[in-house]
Amino acid sequence: MPFIIFLIIAAIAGPAILLKIAEKGPADRVKKLKVTARIIPFAAIGILIVSVVLGSFYSVSEDQQAVVVMFGKVQRVDGAGVHWKIPYIQEARKVDITTHGASIGYTIEGSTQTFGQGENPLMITADMNLIDVDFYMEYKVNDATAYLFNSENPELVLHNSAMSCIRATISDYNVDDVMTTAKGEIQAKIREKLSAELAERNIGLQLVNIMIQDVEPPTENVFNAFKSVESAKQQADTAINNAKRYQNEKLPEAAAQADKIIQAAEASKAARIAEAEGQVARFLKMYEEYKNFPLITKKRLFYETLEDLLPSLDIIVTDGNTQSILPLNPIISGGEAQ
4 MPFIIFLIIA AIAGPAILLK IAEKGPADRV KKLKVTARII PFAAIGILIV
54 SVVLGSFYSV SEDQQAVVVM FGKVQRVDGA GVHWKIPYIQ EARKVDITTH
104 GASIGYTIEG STQTFGQGEN PLMITADMNL IDVDFYMEYK VNDATAYLFN
154 SENPELVLHN SAMSCIRATI SDYNVDDVMT TAKGEIQAKI REKLSAELAE
204 RNIGLQLVNI MIQDVEPPTE NVFNAFKSVE SAKQQADTAI NNAKRYQNEK
254 LPEAAAQADK IIQAAEASKA ARIAEAEGQV ARFLKMYEEY KNFPLITKKR
304 LFYETLEDLL PSLDIIVTDG NTQSILPLNP IISGGEAQ
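Just so we're on the same page, the working numbering is the position in the sequence shown counted from 1, plus 3.
Possibly wrong hints are sitting among the right ones.
The calculated SDA-like cross-link candidates involving lysine to any residue, where the alpha carbons are at most 25 Å apart (straight line), are [what the hints assert, rightly or not]:
(1) Lys230 - Asp137
(2) Lys294 - Gln282
(3) Lys196 - Lys230
(4) Lys143 - Val232
Hint data in this document are derived by calculation from the structure and do not stem from the laboratory.
Using the sequences provided together with the hints, build the complete structure.
So, in structure tokens, the structure goes:
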């Protein structure tokens, strides 16, 4: 706007000033100044037209959004591409909407933003121990208008909110859990709390992710002790996993052996039952024969029993008065040999 006013004043007052100066000079100088006085309005108008055209268009890249403001009031938000605005009246404020990273509690060399430089990263746990926890946070602009106008310094608000959520969450856990098994749970709770707080404050920033980078006790002796505890827990987890793997290997084998034993027992049971039923059937059949022919059946049983017993007995023949008994087996054996 000041530039336009200057061009208008130059176009109107410039020729008059030059002509006033030319009245006191030589003729050739008067002639040149008159020519210049005629050119000045056209030049000023040309420059004004070029500046108006150039000021009417602007481009927005893929990683930006533009908030168009007129007289302090937001008119619209433009995305990527070429857009038009009223020159010198409307202003396009561009905002980077890509994801940014920031460290909390430690410093990273390079382009990564660092929050809380020089502040004490020590935090107190539920069991009244001190611990040093470093975080890495990723965030981006999700509302360009709120980012520009709802807070004077949105990044500082984000940092303070993040530190508040981190300290409140760490204070709910014992130092041993923070050092070892509860890292994932702590990150999830901080992410949930911080996202809710940013939505409530409406500063135009959105949390993408927050991660624990490092956890250390405040002294070297405590650090070594916690390292030993963490190592012991890892060894315990390894032993438990090995035991479960051994269990998974042995249980199917034991089940197979049990099935084999059960099947063998069932087969033996079936065989014994079948044999017993056969013997019962034979006995009942024999009993029926005995009822019909008792004498013949008794003799047959007697003879069959002798046939079973005699081959395994030593046979001795005597009249009851013989003083010495001569066994027949050697004689029979000798006779068979002859």
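_For a C-alpha distance cap of 25 Å, please report whether lysine 196 and lysine 230 respect it._
Violated, at roughly 30 Å.
*Keeping to a limit of 25 Å between CA atoms, is the pair of lysine 230 and aspartate 137 held or broken?*
Distance ~17 Å between lysine 230 and aspartate 137 Cα, so the pair holds.
_Checking one constraint from the list: CA of lysine 143 to CA of valine 232, max 25 Å. Satisfied?_
This hinted pair is violated, its Cα atoms lying about 38 Å apart.
*Keeping to a limit of 25 Å between CA atoms, is the pair of lysine 294 and glutamine 282 held or broken?*
holds, 18 Å
Hints 3, 4 from the earlier list are contradicted by this structure; the remaining hints agree with it.
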